[in-house]
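S.K.: Given next are the chains, with one letter for each unit.
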Amino acid sequence: MKTGKKRSGILIRLILISVMAGICLCACGKGHRREQKAMLSGAEESRHEAITIMDGNRDYSGLIQLVHEKYPEIRLEIQSYQGYNTSGYMEKQLETGIMPDIYSTTEIWDERWQKAHLIDLAQYEFTDRYNEARMDETEVDGATYLLPYDLNVISIIYNKSLFERYGWKVPEDMEQMRELIKKIREAGVEVSICKMAFPGNAFQYFCNVADTVFLNTVQGQKWQNQFLAGEADASALQNCVNEVQEWIDIGLLNAARGELDEKSCVDKFCEGNTAFLIGGISRFTQNEDGSGDQYACMPYLSEDGSSNMYISLVNRYYGLNRELLNPENKQKLEDALHVLDLISTIEGYEAVIGSAPSVMCALKDFSLPDSSPYKEVMDEINSGHAAPFIYNGWTSYIADFGYKIQDWITGNTRKEEIIPYLNELQKRVLQEAEGPYIFAEQEFDTRQSAKLVGMIFTEMARSDGALISINEWKPGIPSGNKQNMDGVNGSILPGIMKEEDMVTILPTGWNKTIKEVTLTGERIRQLMETGYDRNHDGDTYPYILVTRDGKKLESDEIYTIVICGATDEVLREGRVWDTGLSGLKMAKKYLKEIGVLSENLLREDGGADDGAERQ
Amino acid sequence: MRERVKRQFGKEYFWKIALAVIVMSSVIVLLTMRFVTYTKERLYEESKNQLSEITEQIYEKLGIVLENQWSCVTTLENILDNRKPKNLEELSLLLGETKGELNPFDDSIDLIAIDESGYYYDSGGRQGIWAETSELDKNAVRQCFLTTSYNEEINKMAFVYRLKHSVLVQVQNRKVKLTHVILMKRMDSLTSYFRSSAFDNHNVTYVLKNNGVKMYSDNTDEDTLFQGRNLYYTLEKMEYPHEKKWENVQKILEEEHYACTDVKIGEERYFLCLKRLENYKWTVLFLVNSDLVAVSTGQMVTSVIQLFMIMILISGILIFWGIYFVLRFKKSHALYEMELKNAIRLTEVNTELASARQAAESALYVAQNANQAKSSFLANMSHDIRTPMNAIVGFSMLLLRDAKDAEVKSYAEKISMASKQLLALINNVLDMSKIEAGKTSLEYKATSIETISETIDGMMRAQFEKKHQKFFVLLDDIRHHEVIADELHINQILLNLLSNALKYTPEKGTISLMITEIKETKKGYARYRFSVRDNGYGMSREFQERLFQTFSREENARTNKIQGTGLGMAITKSLVDLMGGMIQVESTEGTGSVFHVELELKIARGMQTDSAESVKNQTGMESQNEDGRAVELSGTESEARKREKREKTLECLSGVHILVAEDNELNAEILTEILAIDHMTCDICENGRKALEVFEQSEPGKYQLILMDVQMPEMNGYEATRAIRNSSHPLAKTIPIIAMTANAFVDDIHEALEAGMNAHIAKPIDMEKLEKTLKKALLPDE
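As given, the protein sequences belong to chains S and Z, one line each in that order.
Take any residue in the first sequence, count from 1 to its spot, add 1: that is its number in our numbering.
Take any residue in the second sequence, count from 1 to its spot, add 21: that is its number in our numbering.
Please note that the accuracy of each hint is not assured.
No farther apart than 25 Å at their CA atoms in a straight line, the calculated lysine-lysine pairs in the PhoX-like style are these [as the list claims (entries may be wrong)]:
id: 1; chain 1: Z; residue 1: LYS266; chain 2: Z; residue 2: LYS61
id: 2; chain 1: Z; residue 1: LYS351; chain 2: Z; residue 2: LYS362
id: 3; chain 1: Z; residue 1: LYS258; chain 2: Z; residue 2: LYS466
id: 4; chain 1: Z; residue 1: LYS466; chain 2: Z; residue 2: LYS491
id: 5; chain 1: Z; residue 1: LYS491; chain 2: S; residue 2: LYS365
id: 6; chain 1: S; residue 1: LYS428; chain 2: S; residue 2: LYS416
id: 7; chain 1: S; residue 1: LYS513; chain 2: S; residue 2: LYS269
id: 8; chain 1: S; residue 1: LYS590; chain 2: S; residue 2: LYS499
id: 9; chain 1: Z; residue 1: LYS61; chain 2: Z; residue 2: LYS351
id: 10; chain 1: Z; residue 1: LYS425; chain 2: Z; residue 2: LYS435
id: 11; chain 1: Z; residue 1: LYS185; chain 2: Z; residue 2: LYS198
id: 12; chain 1: Z; residue 1: LYS435; chain 2: Z; residue 2: LYS362
id: 13; chain 1: Z; residue 1: LYS258; chain 2: S; residue 2: LYS116
id: 14; chain 1: Z; residue 1: LYS230; chain 2: S; residue 2: LYS116
id: 15; chain 1: S; residue 1: LYS223; chain 2: Z; residue 2: LYS159
id: 16; chain 1: Z; residue 1: LYS487; chain 2: Z; residue 2: LYS790
id: 17; chain 1: S; residue 1: LYS223; chain 2: Z; residue 2: LYS544
id: 18; chain 1: Z; residue 1: LYS302; chain 2: S; residue 2: LYS116
id: 19; chain 1: Z; residue 1: LYS265; chain 2: Z; residue 2: LYS285
id: 20; chain 1: Z; residue 1: LYS258; chain 2: S; residue 2: LYS331
id: 21; chain 1: Z; residue 1: LYS159; chain 2: Z; residue 2: LYS198
id: 22; chain 1: S; residue 1: LYS223; chain 2: Z; residue 2: LYS198
id: 23; chain 1: Z; residue 1: LYS230; chain 2: Z; residue 2: LYS198
id: 24; chain 1: Z; residue 1: LYS435; chain 2: Z; residue 2: LYS487
id: 25; chain 1: Z; residue 1: LYS196; chain 2: S; residue 2: LYS223
Derived contacts from chain Z toward chain S, CB cut-off under 10 Å, selection only [to be verified]:
id: 26; residue: ILE135
id: 27; residue: ASP136
id: 28; residue: GLU137
id: 29; residue: SER144
id: 30; residue: ARG147
id: 31; residue: GLN148
id: 32; residue: PHE166
FYI, nobody ran anything at the bench for these hints, they're computed from the structure.
Since the structure is predicted, the reported quantities are computational estimates derived from the model, not experimental observations.
Each residue gets a CB set at the ideal place from its N, CA and C atoms; glycine is no exception.
Using the sequences plus the hints, can you model the full thing?
M.R.: In structure tokens:
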């Protein structure tokens with residue numbers, strides 16, 4: 002009887018369960034999916050590989066600190082580059098794909114390279130924080146490989162206090178400028194200081210003036226494309242040449258301080274007896290504390306003032322190396338995305354920029370601070386008085402044409418020579434583009450590059466050897482002047498080596514000459530061991546020593562060697578002597594003869610002594 | 022049988038029901054699933070239709086708005102054509118007026134003109150380079166793109182229109198050719214066109230480029246579902262319950278320029294509509310939570326589903342119960358039939374049983390009658406045999422006393438012995454018959470193990486001594502001495518066993534009685550083992566098996582010489598059984614036998630448990646255990662005491678005058694003679710009435726005692742005793758009255774005492790017993 006009852010109970014339960022199960026099955030459909038959360042264990046955190054980024058004249062100390070605060074497990078490692086062609090080096094990086102994890106660049110390069118070597122960031126949330134119209138500029142077929150980050154405005158800097166003191170009105174067209182300059186001269190004030198450290202400076206001055214005339218118009222943009230493709234000659238620039246001549250004639254563009262480097266130019270301007278500074282400035286008061294003269298900015302002026310132009314320059318675009326998509330780089334990708342996410346905030350922006358003179362940021366939340374000298378001219382900038390910085394596509398012209406402009410400014414070239422020269426240059430560039438090429442078979446790192454530079458300079462200067470310093474990133478030392486730009490920076494990246502590519506590594510940059518010192522073998526060895534104490538803080542940069550035919554140096558023998566990166570004391574002690582040989586030209590000559598840059602060349606020639614190894 | 026059948030049925034029934042449940046459940050589940058799927062599918066299609074209608078309205082509205090912008094631009098073109106502004110001032114004025122006329126209350130638009138160099142001119146007289154000159158397609162009449170370049174960092178949609186006829190305007194000292202007019206509209210002013218009141222404005226709209234890049238969103242909430250600049254990445258990651266994957270939706274979009282599907286984002290379900298806007302290279306993405314789409318229809322369908330579910334549930338339950346009841350009815354019916362068969366069979370069996378019972382009852386009745394008759398016969402026999410036996414015993418005793426001739430004395434002695442044996446036989450027969458008839462009642466009273474052992478010792482020792490046999494009484498490990506027991510019957514059991522041992526053990530043999538307390542079986546009771554051991558003839562194994570049957574005797578050369586009724590062991594066994602005990606025998610022929618009797622006796626309340634040691638000391642058994650001499654001494658002392666006691670008794674009885682009520686003259690004569698032996702005299706009355714009368718009339722002190730027969734004519738002994746006790750005679754209450762009757766059963770003794778008698782003497786009269794009883798009656802204090 003009991004069994005019967007028990008079975009009845011089971012039966013009823015079975016019925017109910019069956020019905021309920023059926024109903025639930027129908028009503029609920031598929032079961033809930035469980036959320037899976039990946040948790041990093043302490044051991045995993047300790048395995049985070051460093052995320053690399055190249056500084057390229059930008060000081061990332063603030064960013065390193067912020068990343069450390071927000072993500073203690075992420076290490077940001079700086080690949081330092083303080084060479085003479087940052088943009089060119091960045092271009093080559095993107096072309097070859099040999100780049101840090103976080104790729105930064107000053108220009109938007111070939112779309113094919115972007116697709117090949119960068120990750121499409123359009124899928125990530127932080128892209129929503131950027132202004133859509135700005136993002137449109139970098140869009141490639143619906144993908145975003147580069148985030149437009151901070152924008153700078155190139156303008157003419159004037160001494161506001163000086164103007165107020167003399168009651169001068171800021172000119173709005175070239176006519177007013179001419180009038181003002183007369184007054185300036187009468188007042189015994191220097192009209193302007195132009196930074197002329199690089200041929201690129203002169204090139205840019207020409208372009209900036211040309212923007213007010215022609216280059217920034219529809220026709221001008223069209224002409225640029227046609228000229229670079231060899232479809233048009235330079236005659237369209239005649240009005241621009243005339244206008245630049247005007248600038249030279251009235252003394253706005255001059256080479257009076259041409260021998261000074263950028264820092265010296267700025268220091269000179271800040272002395273307070275100069276009306277204009279052509280070439281940009283990083284601070285807008287005479288003193289860091291805000292005391293003394295105040296500086297302000299104004300556009301490059303057109304004749305009638307209707308097409309006055311500020312030059313807008315995107316300082317940096319950021320992207321991610323596509324290699325991070327490899328499965329073994331999963332953690333690195335996650336970390337790199339964290340960093341990009343972080344810099345896509347105002348807090349991150351401030352950490353990246355530091356005290357650099359960036360004007361705007363592409364982030365939606367950004368607003369220009371009231372204290373910014375650009376605040377009062379922003380309306381003008383936004384209302385069609387800004388022209389893009391001309392660089393991309395012109396890299397093969399910058400050095401030569403820049404030298405020509407320098408010559409022109411210094412009075413060594415007449416304006417009539419400019420158009421024909423540019424036409425000649427166009428032919429040469431187009432010819433060189435067809436070859437024969439100097440070809441690097443592979444990547445040569447900084448030490449190998451320094452060895453090559455040593456070999457070139459030793460050979461071309463007929464020296465006993467060369468002592469070439471190399472740059473390494475040192476924490477706590479701000480990028481820019483403080484890091485070692487006197488030695489070799491970066492690597493030789495594989496592929497065709499054009500002039501601008503050589504400049505990326507050459508300690509002599511575009512136009513500097515090879516210098517020699519005379520020292521004993523013992524002293525040279527001693528310098529090798531101590532390194533280049535650039536900042537006199539004991540934290541030295543290593544040397545690479547190359548000797549002719551690989552000979553060992555005798556301690557008591559006296560040798561004449563090329564030196565790249567030496568303290569004033571060493572230069573005095575070695576009785577420094579400028580050979581007058583352009584480093585770039587010597588390199589071009591040497592490499593043209595070689596044709597192909599292979600690993601064997603560096604191995605066979607030998608003669609290099611690695612100071613770091615001794616240390 | 023019934024349970025087994027039910028179990029069998031239950032098992033069969035269970036599996037049938039289970040099968041029905043599974044089948045029905047499956048059918049219901051499938052049916053429900055099909056219904057729900059179908060209903061959901063219909064609801065999905067209905068939702069899509071509704072959504073298409075609503076979104077179509079939005080797109081239409083948006084299209085109208087966009088077209089309006091173009092109308093404005095073409096109007097501007099016409100105005101430019103007609104008025105042909107000569108200089109910048111006129112152009113600025115024209116632009117300002119046109120803006121005011123076209124959209125007097127709309128600040129969200131700006132009108133500008135572009136010249137062939139890319140310079141713009143606006144209503145405020147401002148001019149500058151139009152940053153999007155690179156965007157301008159020379160061949161396109163209409164172009165539309167997003168811009169922030171003009172004046173402020175606000176997203177604006179630029180409606181760029183190429184003038185059919187360029188317009189020459191003097192600007193400063195140069196002539197410029199206007200080629201385009203542009204209307205720039207703030208995107209946020211379009212937000213209201215993307216919203217739908219049908220969804221309480223909870224929908225989200227994006228304007229995308231056809232490649233998925235976000236151009237505009239009306240969603241200001243940062244916690245948006247679509248993260249990242251290209252929405253196609255997010256769309257790729259979504260679940261598509263109907264279209265399965267994003268590529269399929271894209272394909273539909275490419276082919277039909279419109280796609281609508283449901284998507285799952287996490288646990289939430291949405292409807293996604295994508296519409297390609299012709300002429301704009303834009304795609305409008307529309308997303309709304311499915312809860313907001315076709316709400317009424319959804320609610321109705323949900324209600325229908327719920328109702329259907331409930332109905333299915335109820336139907337299911339009813340069907341299950343129906344199946345359950347049908348099967349249960351079948352089961353009940355089958356059980357009923359089975360029970361019916363069983364009932365018929367049962368009736369038959371009952372009839373047979375009733376017949377058997379009737380027969381048994383008849384047999385019982387006959388047996389009872391027979392038994393009653395037997396009992397009656399035995400009772401009568403007892404009385405009737407004892408009465409002449411009394412004469413035989415009495416006269417043989419007198420003859421033995423008075424005969425001078427030795428031969429006559431010998432004869433008398435033999436007669437006496439034969440009569441005693443006959444009496445024993447009669448007593449045993451009577452005992453057995455009483456036990457069998459269930460008339461033996463046990464009389465429990467407080468006694469002690471020592472008392473029992475001493476009594477037995479006292480009764481049997483002399484007989485063992487006569488046969489020169491050693492006799493030991495041993496008590497071992499007695500923890501409870503005082504017990505409630507039927508001492509009389511225990512004694513009878515032990516006497517039977519010891520008598521048996523006496524008889525079947527040759528002279529100089531050894532017999533022992535050992536009493537052991539085994540263990541306390543239950544609270545308040547103690548279990549004792551009485552072991553009677555002898556080293557006599559022993560018994561064959563065959564005989565042991567029938568030892569306790571009535572009239573069983575071992576037949577062999579030795580035992581045949583021994584007298585016995587063959588009832589002793591049967592009586593013993595019956596008494597042990599009656600007391601709930603157990604009897605066992607171990608015997609080896611030629612070696613001896615041991616009988617074990619185990620009895621459970623109630624421990625007398627308030628009695629302390631003493632150690633076996635102390636008991637032994639108290640009873641003086643220790644010396645007996647050490648050797649047999651103590652026993653012998655004890656026996657010697659007992660005999661002497663006996664003689665001494667008898668002398669005292671005779672002294673006491675001498676001269677006593679007794680009133681005797683005895684109807685049998687022979688017995689009266691014998692009694693008179695017996696009493697005379699002990700120098701007593703008597704008056705005989707022939708019945709109770711006579712005796713009463715004689716006593717009442719007698720002077721106090723004439724009679725010291727009355728001996729009263731029981732079965733007498735006119736007034737029996739009991740009645741006479743009651744009458745005497747109730748009489749006015751001064752000694753009526755105190756005079757000892759002793760029953761002297763052939764009614765020798767225990768019940769008879771009780772009845773005698775109840776009637777007021779002081780003691781009972783069974784016939785035939787045992788001289789010694791008579792003397793003892795009389796003395797005790799006359800001198801109760803001794």
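S.K.: Now tell me, hint by hint, if it's right for this structure.
M.R.: Verification of the supplied hints:
Annotation: proposed proximity of LYS266 of chain Z to LYS61 of chain Z holds, straight-line Cα distance about 20 Å (limit 25 Å). The suggested pairing of LYS351 of chain Z with LYS362 of chain Z holds, with an alpha-carbon distance near 17 Å, which does not exceed 25 Å. For the proposed pair LYS258 of chain Z and LYS466 of chain Z, the alpha carbon gap of about 103 Å is over 25 Å, so the pair is violated. For the hint pairing LYS466 of chain Z with LYS491 of chain Z, the CA-to-CA distance comes to about 31 Å; that exceeds 25 Å, so the pair is violated.
Restraint check: the Cα-Cα separation between LYS491 of chain Z and LYS365 of chain S comes to about 132 Å, which exceeds 25 Å; the hinted pair is violated. Restraint check for LYS428 of chain S and LYS416 of chain S: the C-alpha separation of about 20 Å stays at or below 25 Å, so the hint holds. Simply put, LYS513 of chain S and LYS269 of chain S have alpha-carbon atoms about 22 Å apart, close enough for the 25 Å limit, and the pair holds. The straight-line distance between the Cα atoms of LYS590 of chain S and LYS499 of chain S is roughly 12 Å, inside the 25 Å bound, and the hint therefore holds.
Distance check on the hinted pair: LYS61 of chain Z and LYS351 of chain Z sit about 42 Å apart at the alpha-carbon level, beyond 25 Å; violated. Simply put, LYS425 of chain Z and LYS435 of chain Z have alpha-carbon atoms about 16 Å apart, close enough for the 25 Å limit, and the pair holds. At roughly 12 Å between alpha-carbon atoms, LYS185 of chain Z and LYS198 of chain Z fall within 25 Å of each other, so this suggested pair holds. For the hint linking LYS435 of chain Z to LYS362 of chain Z, the alpha-carbon distance of about 75 Å lies beyond 25 Å, and the restraint is violated.
Restraint check for LYS258 of chain Z and LYS116 of chain S: the C-alpha separation of about 22 Å stays at or below 25 Å, so the hint holds. At roughly 19 Å between alpha-carbon atoms, LYS230 of chain Z and LYS116 of chain S fall within 25 Å of each other, so this suggested pair holds. In summary, the hint linking LYS223 of chain S to LYS159 of chain Z is supported, as the alpha carbons are separated by about 12 Å, within the 25 Å threshold. Only pairs whose Cα atoms come within 25 Å are accepted, and LYS487 of chain Z paired with LYS790 of chain Z is accepted, the gap being roughly 20 Å.
Annotation: proposed proximity of LYS223 of chain S to LYS544 of chain Z is violated, straight-line Cα distance about 126 Å (limit 25 Å). As the CA atoms of LYS302 of chain Z and LYS116 of chain S are separated by approximately 23 Å, the hinted pair is consistent with the 25 Å bound. Restraint check for LYS265 of chain Z and LYS285 of chain Z: the C-alpha separation of about 11 Å stays at or below 25 Å, so the hint holds. Taking the CA atoms of LYS258 of chain Z and LYS331 of chain S, the gap is near 19 Å; set against the 25 Å cutoff, the hint holds.
Annotation: proposed proximity of LYS159 of chain Z to LYS198 of chain Z holds, straight-line Cα distance about 15 Å (limit 25 Å). A distance of roughly 17 Å separates the Cα atoms of LYS223 of chain S and LYS198 of chain Z; the hinted pair therefore holds under the 25 Å criterion. For the hint pairing LYS230 of chain Z with LYS198 of chain Z, the CA-to-CA distance comes to about 32 Å; that exceeds 25 Å, so the pair is violated. Of the supplied pair hints, the one linking LYS435 of chain Z and LYS487 of chain Z holds, its CA atoms being roughly 18 Å apart against a limit of 25 Å.
For the given pair, LYS196 of chain Z sits about 21 Å from LYS223 of chain S by alpha-carbon distance, which is consistent with the 25 Å threshold. Proximity of ILE135 of chain Z to chain S holds as hinted, the smallest CB-CB distance being about 9 Å (cut-off 10 Å). A distance limit of 10 Å between C-beta atoms decides the matter here; for ASP136 of chain Z the minimum to chain S is near 9 Å, and the interface restraint holds. Here the hint on GLU137 of chain Z is kept, as its CB sits about 7 Å from the closest CB of chain S, short of 10 Å.
Among the interface hints, the one on SER144 of chain Z is violated; its C-beta lies about 13 Å from the nearest C-beta in chain S, farther than the 10 Å criterion. The interface hint given for ARG147 of chain Z is met, as the beta carbon of that residue sits about 6 Å from the closest beta carbon of chain S, less than 10 Å. Against a cut-off of 10 Å between C-beta atoms, the interface hint on GLN148 of chain Z holds, since the closest Cβ of chain S lies about 5 Å away. About 8 Å separates the beta-carbon of PHE166 of chain Z from the nearest beta-carbon of chain S, less than 10 Å, and the hint is met.
Hint check: violations occur at hints 3, 4, 5, 9, 12, 17, 23, 29; the rest are consistent with the structure.
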